[in-house]
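> Below are the chains, spelled out letter by letter.
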Amino acid sequence: MVETGHFALVLAFAMALVQSVVPIAGARTGDERLMAIGTPAAVTGFLLTALSFAALVTAYVQSDFSVANVWENSHSLQPLIYKITGTWGNHEGSMLLWVLILTLFGCLVALFGGNLPPTLKATVLSVQGWIGAAFFLFILATSNPFVRLNPAPIEGRELNPVLQDLGLAIHPPLLYLGYVGFSISFSFAVAALIEGRIDAAWARWVRPWTLLAWLCLTGGISMGSYWAYYELGWGGFWFWDPVENASFMPWLAGTALLHSAIVMEKRSALKIWTILLAILTFSFSLLGTFLVRSGVLTSVHAFATDPSRGIFILCILTLFIGGSFALFAFRAQTLAAGGLFHPISREGALVLNNLFLTTAAATVLVGTLYPLVIEALTRDRISVGAPFFELTFVPVMVPLLLAVPFGPMLAWKRGDLYAAGQRLFAAFSLALLAGIGVLLFIDRTAVFAALGIGLAAWLLLGAATDLVLRSGIGSVPAHVVWRRVVGLPRSVFGTALAHMGLGLTLLGIVSVNTFQGEKIVAMNPGDNIAVSGYALHFEGMKAAEGPNYSENRGVFDVTAPDGRSLGTISSAKRFFPARQMPTTESGIRTFGLGQLYVSLGDPDASGAMVVRAWWKPLVVLIWMGGVVMMLGAAVSLLDRRLRVGAPSRRRKPVPKLADSSS
Amino acid sequence: MTRKQKRLSVIAGALCFLGAATALTFVALGQKASYFYMPADLKAASVEPGQRIRLGGLVENGSIVHGKGAEVMFGVTDNKDTVKVTYTGILPDLFREGQGVVTEGSFRPDGTFVADSVLAKHDERYMPKEVAEGLKAKGVWQPD
Amino acid sequence: MWFWIVAALLTLGASLAILLPMLRARGPRAAAGAYDIEVYRDQLAEVDRDAGRGLIRPAEADEARAEIGRRIVRVGRAESATGPAAASRSGRLLASVAVLAVPLVSWSLYGVLGSPDLPPEPLSARLAKNPANSTIDELVARAERHLAAVPSDVRGWDVLAPIYVRMNRFADAANAYSTAIRLAGSTAQREAGLGEALAAEQGGMVSADAEAAFRKALALDPKDAKARFFLATAEAQEGRSDEAARSWQAMLDDLPQDSPWRGAAEEALAALTGKPPAPAAAGPAPGPTQDQVAAASSMSAGDRAQMIEAMVARLDGDLRKKPDDPEGWRRLVRSYMVLGRKTDAEDALKRGVAALGADSAAAKELDRFAASLGLTRTE
Chain A
765 MVETGHFALV LAFAMALVQS VVPIAGARTG DERLMAIGTP AAVTGFLLTA LSFAALVTAY
825 VQSDFSVANV WENSHSLQPL IYKITGTWGN HEGSMLLWVL ILTLFGCLVA LFGGNLPPTL
885 KATVLSVQGW IGAAFFLFIL ATSNPFVRLN PAPIEGRELN PVLQDLGLAI HPPLLYLGYV
945 GFSISFSFAV AALIEGRIDA AWARWVRPWT LLAWLCLTGG ISMGSYWAYY ELGWGGFWFW
1005 DPVENASFMP WLAGTALLHS AIVMEKRSAL KIWTILLAIL TFSFSLLGTF LVRSGVLTSV
1065 HAFATDPSRG IFILCILTLF IGGSFALFAF RAQTLAAGGL FHPISREGAL VLNNLFLTTA
1125 AATVLVGTLY PLVIEALTRD RISVGAPFFE LTFVPVMVPL LLAVPFGPML AWKRGDLYAA
1185 GQRLFAAFSL ALLAGIGVLL FIDRTAVFAA LGIGLAAWLL LGAATDLVLR SGIGSVPAHV
1245 VWRRVVGLPR SVFGTALAHM GLGLTLLGIV SVNTFQGEKI VAMNPGDNIA VSGYALHFEG
1305 MKAAEGPNYS ENRGVFDVTA PDGRSLGTIS SAKRFFPARQ MPTTESGIRT FGLGQLYVSL
1365 GDPDASGAMV VRAWWKPLVV LIWMGGVVMM LGAAVSLLDR RLRVGAPSRR RKPVPKLADS
1425 SS
Chain B
103 MTRKQKRLSV IAGALCFLGA ATALTFVALG QKASYFYMPA DLKAASVEPG QRIRLGGLVE
163 NGSIVHGKGA EVMFGVTDNK DTVKVTYTGI LPDLFREGQG VVTEGSFRPD GTFVADSVLA
223 KHDERYMPKE VAEGLKAKGV WQPD
Chain C
41 MWFWIVAALL TLGASLAILL PMLRARGPRA AAGAYDIEVY RDQLAEVDRD AGRGLIRPAE
101 ADEARAEIGR RIVRVGRAES ATGPAAASRS GRLLASVAVL AVPLVSWSLY GVLGSPDLPP
161 EPLSARLAKN PANSTIDELV ARAERHLAAV PSDVRGWDVL APIYVRMNRF ADAANAYSTA
221 IRLAGSTAQR EAGLGEALAA EQGGMVSADA EAAFRKALAL DPKDAKARFF LATAEAQEGR
281 SDEAARSWQA MLDDLPQDSP WRGAAEEALA ALTGKPPAPA AAGPAPGPTQ DQVAAASSMS
341 AGDRAQMIEA MVARLDGDLR KKPDDPEGWR RLVRSYMVLG RKTDAEDALK RGVAALGADS
401 AAAKELDRFA ASLGLTRTE
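Residue numbers (the numbering used here), protein chains in the order written: chain A, 765 to 1426; chain B, 103 to 246; chain C, 41 to 419.
Simulated from the structure, these hints should not be mistaken for lab results. Beta carbons: idealized from backbone N, C-alpha and C, even for Gly. Among the hints, erroneous ones may be present.
[To be verified] Have a look at the derived ranges for each label pair, beta carbon to beta carbon:
| id | chain 1 | residue 1 | chain 2 | residue 2 | range |
| --- | --- | --- | --- | --- | --- |
| 1 | C | A188 | A | G1201 | 57 to 63 Å |
| 2 | C | D157 | A | C1079 | 30 to 36 Å |
| 3 | A | F1094 | C | L133 | 51 to 57 Å |
| 4 | C | A252 | A | G1327 | 51 to 57 Å |
| 5 | A | G1201 | B | S111 | 37 to 43 Å |
| 6 | B | C118 | A | G1251 | 29 to 35 Å |
| 7 | A | L1083 | B | A147 | 27 to 33 Å |
| 8 | A | L901 | C | A48 | 20 to 26 Å |
| 9 | A | S1072 | C | A188 | 36 to 42 Å |
| 10 | C | L158 | A | I845 | 23 to 29 Å |
| 11 | A | G1304 | B | R210 | 48 to 54 Å |
Construct the entire structure; sequences and hints are all you get.
Encoded structure:
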């Protein structure tokens, strides 16, 4: 089975080579037979990669330590779920997952691309083939997960205990679905540049694929943030760690792409810009892969580093990013410009959104790469952390967030800012009240908190206002409202949900940053502390054995501010003998939308346990907002507009134009 | 305004915004980037008390002292010089004597380094990159 | 065999997947513009829907319809440019190359990268097979699994502990001995074994922990040869040669003639009093490879001494040829110290520091290491 997987991987590489040459040759020469090879090549490539991945998972599940990768990252006593997730909890396995997802997307284009013009489809599949071939080659040359050991060791070295966690089961695959999903928009953009034309079907295709990738990336980032929050035991949810930034940049660029693709689809405008964004977004994804995989940056995610890998990925990076930008420079002017619009219009608002988002992505890029550049130039080692991003990213984002509710209120082509402002007056007043309320009733000194919460309320109420106005609540009878709500395009709900999700996340972030309570104390059994009104009574330490670790668990009784008993909360120090590695399991209890978070330290000089406890108000909203954004994307994906049939000979060639002249 | 003028004003506005963002970025880089030092580098560099830096090296053997409550004192060394660091909080799981560590904080006027974050490696096979390179450059540590 | 059949089938399938579309006849295809018109048709329908629902004003709807109409007209104008294309000769050539490339690339690349002869080795199957065919590692793993499931099986720990010592897994051995002691109390054998494992972990140096274990063993059984031998070794390592000599002599007087420890004690004594052949500390002491030393414990005493001497000599020779090896110098110094040849150890230290460069970090490290063995460099 192992060697079958290895062979399937090599065969998949051969298929990727065919896929990268033959269909595009067909498209350039107009040879239909050659173009037709794209579909089966993409499907077979995916099936072979899936077989290869299944073989690796099987080796992990069966603890086959004759596979070097399994030996390095698994242990026979690891719980089954972590044996499985261990498959992608390491460099080689995660790269295999990367190409698996890449070929999956290629396969989906091949299967559902019947309504695409054949030359476009063939070219897109070939561009996918280029990316696939490059990464297959990378895996086979520098990161082969199927390298064997003979004789086989009897026990593995175990997956890093920090990674033995359910969050890791979901986080990387979702993140990769996002990263790699943007390869579709990239392939479409490059195909359009090669073809020198943008078909009407182009925008209709790019938008749902971007949405899907964006949905997954949002989920991956949220999940990763939650994982860091509870697993690393620092109680923080975002560290501006270079690797987090690496996933955040494609998200920002992808968000911009999502919005400009709307303009492109609706109005055939911003074509060149959309293509540039598609290239940029996937370039950020590749850059992220490079930063994480090459080990040029220090991070949780940097697995054992190997310079040859870094150079290889750098070559891929240069080839694809440089190549696509060069292609853009040469071919962009061949694309016809699109429709015109007034600066104050839906299009204008979306351009503004793009401007802010790309600038935000640029500040993150500068902050992430600056230390690398400085080190290369001066040998000084510096780090750019949260203070930098608070000073640059936040000022760029705040005006954007202020502008968000206006976007959906403006009409296409020429909007009326004054009218939009009138409609948003209620939302604005309420948001202002929320901010003033914070100042008056919670904390008179918390000016930033008041502004932040006011902004979050503005986003939430603004999105709600859009829905209320469109459905006509308050202006038309109830049954009409219902008919209108049912009839609204799903994308309207999608927009409102995504913008509300943004508001929820912002609310969570502001609330945690300004109102969280924290205590660090040394406690003996029987001691009491209080955090933001929650009383903790330290019961004592309990020893226990897990499947592949032993633990020492500190148990605390929790009492609510109103005196109710809330049960217990516990945090553990675990020790994994296979790696001789200790970890801390934080204790987290959710009450309402806030969380009580307890983390154990080492005993102090007198033998008392050092305990760090937080009350984090509304912290759940940070990730709930992410989920709501994902929901918005999902609802938009279901919009029937995104389903277009393939042309058939029987239909009337030209639709009735009579309507348009009436 | 003609269409052309409108377009120009939009582009000018965008450029102004980009210029402001760029300026902000450079100011922030100048102020907020923190430099990384090993103990032996500190003599050559003039680090003011209160200036945020990152200090990396190995945790000196036998130097960890648990003080009152959650306060911990330890020495960060590169086998040439040693800096005393105090930190209040929970140390990372893989914080051990003789292991690589990166701390972030600033010097008090009396010369002790007060750290507000302490990072150790996340994996026992892995050493913080700056520390590994710094030690390699000083010939103290050989990667295997 | 199965693997080759599967590989051949996969290759065949992949080749067919790209061959078949080549052979299939194609119907006339829709012109590129037809796909665009399909999209515009859909957009018009959408405008109608929105207008019907009152989401956009009639004037806006008309404007939108007119705009889409203009796009349709533009497509109609470009339409005439597209013509049918036939399969060309070069196309057929390319397709044939592609079909051939699949087996060629995959089989040759796999030939370089793959290991088709290695069977998969799932752990459960390895542990379930007949013990007679198992390797020592597999047997030990089986015992470990059993002990993980039934950690209170004292006999299992007792059996496993000395095996660990043989396998040079000294930390595991120490753990096994202490577990057995925790479960079933001290016996002279367990305590002495624990001491031996701890000493072996330190490369033959009898640490305070090891010494404590040996003392416990001796308290339980004053005649325990292993404990007596190592306690004497500890005395010798601390430089109390007279006491060590007395202890070994006392041992020789007490031990029965057939005791396996006689030889070791005799040699140790001989080494201490300077008489050749210089013997070695028993147990898995120092040396270039631990395996050889472990093997030495099953040799006769004379052979063992010779072998250890030879290994130290070889290490010394290697370091003269290739002096840039801090770890090697440390081993050499330690070996001489454990062999009781202090002058040689001092000499090795001096040469090592000179070879590594007197001011280098590695030399300082070597100095520190030597100091920990009670050796200082004389300039």
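> If you check the beta carbons of S1072 (chain A) and A188 (chain C), does the distance land in 36 to 42 Å?
Given a distance of about 39 Å, which is inside 36 to 42 Å, the answer is holds.
> Return holds or violated for the Cβ distance of C118 (chain B) and G1251 (chain A) against the range 29 to 35 Å.
43 Å Cβ-Cβ, so the 29 to 35 Å window is violated.
> Taking the Cβ atom of L901 (chain A) and the Cβ atom of A48 (chain C), is their distance within the range 20 to 26 Å?
holds (24 Å)
> Evaluate the given range 27 to 33 Å for the C-beta pair formed by L1083 (chain A) and A147 (chain B).
Once the Cβ atoms are compared, 40 Å apart, the range 27 to 33 Å for A147 (chain B) and L1083 (chain A) is violated.
> I want to verify a distance hint. Is the separation of the beta carbons of G1201 (chain A) and S111 (chain B) within 37 to 43 Å?
39 Å Cβ-Cβ, so the 37 to 43 Å window holds.
> Could you check the hint for me, namely that L158 (chain C) and I845 (chain A) are 23 to 29 Å apart, CB to CB?
This hint holds: roughly 28 Å between Cβ atoms.
> Is it true that the C-beta distance of G1304 (chain A) to R210 (chain B) lies inside 48 to 54 Å, as the hint says?
violated (37 Å)
> Could you say whether the range 51 to 57 Å given as a hint is met by the Cβ separation of A252 (chain C) and G1327 (chain A)?
Given range 51 to 57 Å: holds, Cβ gap about 53 Å.
> A range of 51 to 57 Å was offered for this pair. Does it hold for the Cβ distance of F1094 (chain A) and L133 (chain C)?
violated (29 Å)
> Mind checking the hinted window 30 to 36 Å against the Cβ distance between D157 (chain C) and C1079 (chain A)?
holds (33 Å)
> A188 (chain C) and G1201 (chain A), beta-carbon distance inside 57 to 63 Å?
Distance hint for A188 (chain C), G1201 (chain A) holds at roughly 59 Å.
The structure fails hints 3, 6, 7 and 11 (numbered hints given earlier, in ascending order).
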